[in-house]
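One line per chain: the protein sequences are A and B, in this order.
All residue numbers for the first sequence refer to numbering that gives the first Met the number 0, where the first residue is 0 and numbers rise by one.
All residue numbers for the second sequence refer to numbering that gives the first Met the number 0, where the first residue is 0 and numbers rise by one.
Worth flagging that the hints you see were computed from the coordinates, not collected in a lab.
The C-beta atom is built at its ideal place from N, Cα and C for all residues, glycine as well.
A couple of the hints might just be wrong.
[Unchecked claim] The following residues of chain B were derived to be distant from chain A, with all beta-carbon distances above 12 Å: (1) Asp13; (2) Arg28; (3) Gly42; (4) Leu44; (5) Gly65; (6) Asp174; (7) Val181; (8) Gly274; (9) Arg279; (10) Ala323; (11) Gly325; (12) Asp344; (13) Val409.
[Unchecked claim] In silico lysine-lysine, BS3-like type, Cα no more than 25 Å apart, as pairs: (14) B:Lys94 <-> B:Lys268; (15) B:Lys97 <-> B:Lys309; (16) B:Lys309 <-> A:Lys51; (17) B:Lys268 <-> B:Lys309; (18) A:Lys51 <-> B:Lys299; (19) B:Lys375 <-> B:Lys299.
[Unchecked claim] Now the stretches of chain B that chain A is said to cover, found in silico as 3 or more residues with beta-carbon under 8 Å: (20) 200-213; (21) 299-311.
Below are the chains, spelled out letter by letter.
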Amino acid sequence: MSVTVRIPTILRTYTGGKAEVSAEGATLADVLRSLEENHAGIAARVLDDAGKLRRFVNVYVNDDDVRFEQGLQTPTPDGSAVSVIPAVAGG
Amino acid sequence: MAVQSVEPSTTSVDLGPAAALSCRECGERFDLGPIFACALCFGPLEVAYELPADGSEALRKRIEDGPANIWRYAPLLPVPADVADKPSLNPGLTKLVKADNLARELGVTGGLYVKDDSGNPTHSFKDRVVAIAVEAARAFGFTTLSCSSTGNLAGAVGAAAARAGFKSCVFIPHDLEAGKVVMAAVYGGDLVGIEGTYDDVNRFCSELIGDPLGEGWGFVNVNLRPYYGEGSKTLAYEICEQLGWRLPDQIVVPIASGSQLTKIDKGLKELVALGLVEDRPYKIFGAQAEGCSPVARAFKDGHDVVRPVKPDTIAKSLAIGNPADGPYVLDIARRTGGAVEDVSDPEIVDAIRLLARTEGIFAETAGGVTVGVTRKLIESGLLDPSLTTVVLNTGDGLKTLDAVAAGPTVTIRPSLAAFRDAGLAAV
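Just chain A, same shape as in the assembly (with noise of 0.2 Å):
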């Protein structure tokens, strides 16, 4: 499965300054391991050291925030667009 994702300005370091990038997979999880197959670091920003998704960081898999779905093994179909978005607060 070929997806596009979205990439925030502070993890552009890793992608050359791309903002989207194609990557591989069925799930989030084979997309991020895609991902930093391709740009080496970027998976550790996004995860933490047991593998999770940060806590401040929110990723959407067309418009469903993925811990709305399956978290990590949220499917992500072919031509799916994925969106890794830092946390907003401040209302």
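Model the placement of chain B on the given structure of chain A, informed by the hints.
Coordinates of chain B only, in the frame set by chain A:
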């Protein structure tokens, strides 16, 4: 508690005592700039200060001699020293109302106060945070002010931008209360309704910041968030000053993203560290609406993680289903011996009416949430009625009129006979 103090930033940005940004999660430090998330762990960035070296007496006098608004606390905020001379809405120093009638109604004997932030220029506490963000926007050279908002913030940004000479473009869920939409639109900036919830709006704005379409825009609650959040500390400063430089025993704060509650705690701790108030225990309680209560749920279940929810409540200004500061709220409530509680929509409306008929304060739905939660906390024994308690009203009921639809007690012809027949006469 040691107040953070670091070497001055090497940048030329003048934001007064602000020296750097520090990650609340991992402690990594960054130069002052329009950034909000840690590049290592995504943790929220906070302002770290070089705080005043004055002794506590001198600092207290400096504050008391300052302007009658938040700029009296400029030595403790990320703003330039001459901030009071710049065009601003000058929010703050709102009333701390001694609510004796409400206290009798709720059975509070230790002194009950309502910090009524509906008295700010656009009638909500958001004027405080926006005023600080405006100074950061000036310092970083932004010309357009923006935000994602549940309504109050949109109005505050529109008004502050107009006064300070910025363009503005604000984003809101398309189905907000009419009063808030009108207030957001009237100041002349662009107002964009987004088809979705506040969390959808927030996500959209976060993506816009990383895109050339949003280049040069200062989003007060996104890329200016570390500075913006500091404005909420002024609530803590004012409450203590208005109590005669004394910490309240208990304080009840509404929770949207949780930022306000965490910054009130930060402000109280700073006052202690600076010797401006005596160090003594205080409890902080969080208040949510049942229809959006992920933090209250986590508190009651004993969890450290806040599971996001899809909001469904009349308290739209608190309808943030994914509260980023939720874990910190849990930490603070537990550390201070407080709690996080929620109330239903009918309880919110009852509480709005209770505050109005006892103290003459017409609160927006968020104020109903804090008063309703206070009542519930007293009933459950979690809040001690024999202690000094401060309840926050963060906004004006005129913005959420629909929540308490009400009309005349009775409608009559203009005659004394009709008045007598209506049964309202004294005799």
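Hints, verified against the model:
For B:Asp13, the non-interface assignment is confirmed: its Cβ lies about 23 Å from the closest Cβ of chain A, beyond the 12 Å cut-off. With a minimum CB-CB distance of about 15 Å to chain A, B:Arg28 clears the 12 Å threshold, and the non-interface call stands. The beta carbon of B:Gly42 is not kept farther than 12 Å from every beta carbon of chain A, the shortest such distance being approximately 5 Å. Residue placement check: B:Leu44 does not keep its beta carbon more than 12 Å from all beta carbons of chain A (closest about 10 Å).
No Cβ of chain A approaches the Cβ of B:Gly65 within 12 Å, the least distance being about 26 Å, so the stated non-interface status holds. Remark: the non-interface label on B:Asp174 is consistent with the geometry, its nearest Cβ contact in chain A lying 17 Å away (cut-off 12 Å). The beta carbon of B:Val181 sits about 20 Å from the closest Cβ of chain A, which is more than 12 Å, so the claim that it is off the interface holds. The claim that B:Gly274 is not at the interface with chain A holds, since no C-beta of that chain comes within 12 Å of its own (minimum 29 Å).
The beta carbon of B:Arg279 is kept farther than 12 Å from every beta carbon of chain A, the shortest such distance being approximately 28 Å. Distance to chain A contradicts B:Ala323 as a non-interface residue, since its nearest Cβ pair spans about 3 Å, not more than 12 Å. Not every CB of chain A lies more than 12 Å from the CB of B:Gly325, the least distance being 9 Å, so the non-interface label is violated. Chain A leaves B:Asp344 outside its interface by the beta-carbon criterion, the shortest separation being 19 Å against a cut-off of 12 Å.
For B:Val409, the non-interface assignment is confirmed: its Cβ lies about 41 Å from the closest Cβ of chain A, beyond the 12 Å cut-off. As the CA atoms of B:Lys94 and B:Lys268 are separated by approximately 22 Å, the hinted pair is consistent with the 25 Å bound. For the suggested pair B:Lys97 and B:Lys309, the alpha carbons sit about 36 Å apart, so the restraint of at most 25 Å is broken. Simply put, B:Lys309 and A:Lys51 have alpha-carbon atoms about 22 Å apart, close enough for the 25 Å limit, and the pair holds.
At most 25 Å may separate the alpha-carbon atoms for a hinted pair to count; B:Lys268 and B:Lys309 exceed this at roughly 33 Å. Only pairs whose Cα atoms come within 25 Å are accepted, and A:Lys51 paired with B:Lys299 is accepted, the gap being roughly 24 Å. As the CA atoms of B:Lys375 and B:Lys299 are separated by approximately 14 Å, the hinted pair is consistent with the 25 Å bound. Remark: the region 200-213 of chain B is confirmed as covered by chain A, as 8 of its residues place a Cβ nearer than 8 Å to a Cβ of that chain, reaching the required three.
Residues of the region 299-311 of chain B with a Cβ under 8 Å from some Cβ of chain A number 4, which satisfies the need for three, so the listed coverage holds.
The structure fails hints 3, 4, 10, 11, 15 and 17 (numbered hints given earlier, in ascending order).
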